[in-house]
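Protein chains: 2
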Amino acid sequence: MNEHERYLRMALEEGVRGARAGRGGPFGALVVQGDRVLAAACNEVTSRNDPTAHAEIQAIRAACELLGSFQLTDCDVYASCEPCPMCLGALYWARPRAVYFAATRKEAAAAGFDDATIYEELARPLESRSLRIEHLAFEGTNRPFDVWRGLPGRIRY
Amino acid sequence: MNEHERYLRMALEEGVRGARAGRGGPFGALVVQGDRVLAAACNEVTSRNDPTAHAEIQAIRAACELLGSFQLTDCDVYASCEPCPMCLGALYWARPRAVYFAATRKEAAAAGFDDATIYEELARPLESRSLRIEHLAFEGTNRPFDVWRGLPGRIRY
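Note that the protein sequences, when read in sequence, are chains F and V.
Each residue of the first sequence is one higher than the one before, starting from 7 at the first, in the numbering used here.
Each residue of the second sequence is one higher than the one before, starting from 7 at the first, in the numbering used here.
In short, the hints are calculated from the structure, not lab data.
Among the hints, a few may not be true.
To be verified - Capping the alpha-carbon separation at 20 Å, the derived lysine to aspartate or glutamate pairs in EDC-like fashion look like this:
no.: 1; chain 1: V; residue 1: Lys112; chain 2: F; residue 2: Glu9
no.: 2; chain 1: F; residue 1: Lys112; chain 2: V; residue 2: Asp82
no.: 3; chain 1: V; residue 1: Lys112; chain 2: F; residue 2: Glu145
no.: 4; chain 1: F; residue 1: Lys112; chain 2: V; residue 2: Asp152
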């Protein structure tokens, strides 16, 4: 068994443990730096009443807290299942070295989770999405960006 | 000024305030239920060392905590800027009634944020993404789903 499969098996085990303990859906994730597991997390959506508490998000947040950084530089992320668009977006923002996953979005869909549907939704133009999302244009919508550009100490992310 | 613009102006103001206070990027968001603002939040990525602490995520989490629910039923979400893929994914999972936004992903990109790029990345097949993301297939990757299906008390989300 190679290193990637070993970490993925740990992520799968986190998912099993979390589901059995009633913490949320059957998903687990790990953040690894070198040979050190910085964070291991499971889905906690239903136990925490937090729709964003997917395993990957929980693992990213825990690892970043440990590192004291908003970037997962030189880290690898292992997810028991293909990250949903929310988690994949979070991974882009966190910028790890690589992401490895085991089950696929199709398998998640077969187990009753919306991952595949949300991927399809994001690819659609605003007006044909199932979630009503409207752009309202008016004067002043760029004020936060203008203020931002004028801040000498701004920290980019 | 209609109701939607009024709430969007409050979200924009949250973004200005947060950026000026050094809490993070110039983004704000509100969750509103009826005529009650359940949560108002700004981006806190850099001050909290949390790459997932976008304004929408922070507002969703706070409103869900207040409601004691992982769903934003009958709520509207107001975002100072078009939600990035992470936040849009989170909105799909939270299932509010509607989402309204002011600035666009293009304007965010012009101010130096990766939103538009991440949208393009998500539409690409795994092998042509800038973030290395690999699917590893092996026996047992569906075990969490099999365990899940056998749990009588499982809570769907």
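Evaluation of the provided hints:
Distance check on the hinted pair: Lys112 (chain V) and Glu9 (chain F) sit about 40 Å apart at the alpha-carbon level, beyond 20 Å; violated. Our distance criterion of 20 Å between C-alpha atoms is broken by Lys112 (chain F) and Asp82 (chain V), whose separation comes to about 30 Å. Under the criterion of a C-alpha separation no larger than 20 Å, the hint pairing Lys112 (chain V) with Glu145 (chain F) is consistent with the structure, at around 16 Å. For the suggested pair Lys112 (chain F) and Asp152 (chain V), the alpha carbons sit about 14 Å apart, so the restraint of at most 20 Å is met.
Figure legend: structure checked against the earlier numbered hints; hints not met, in rising order: 1, 2.
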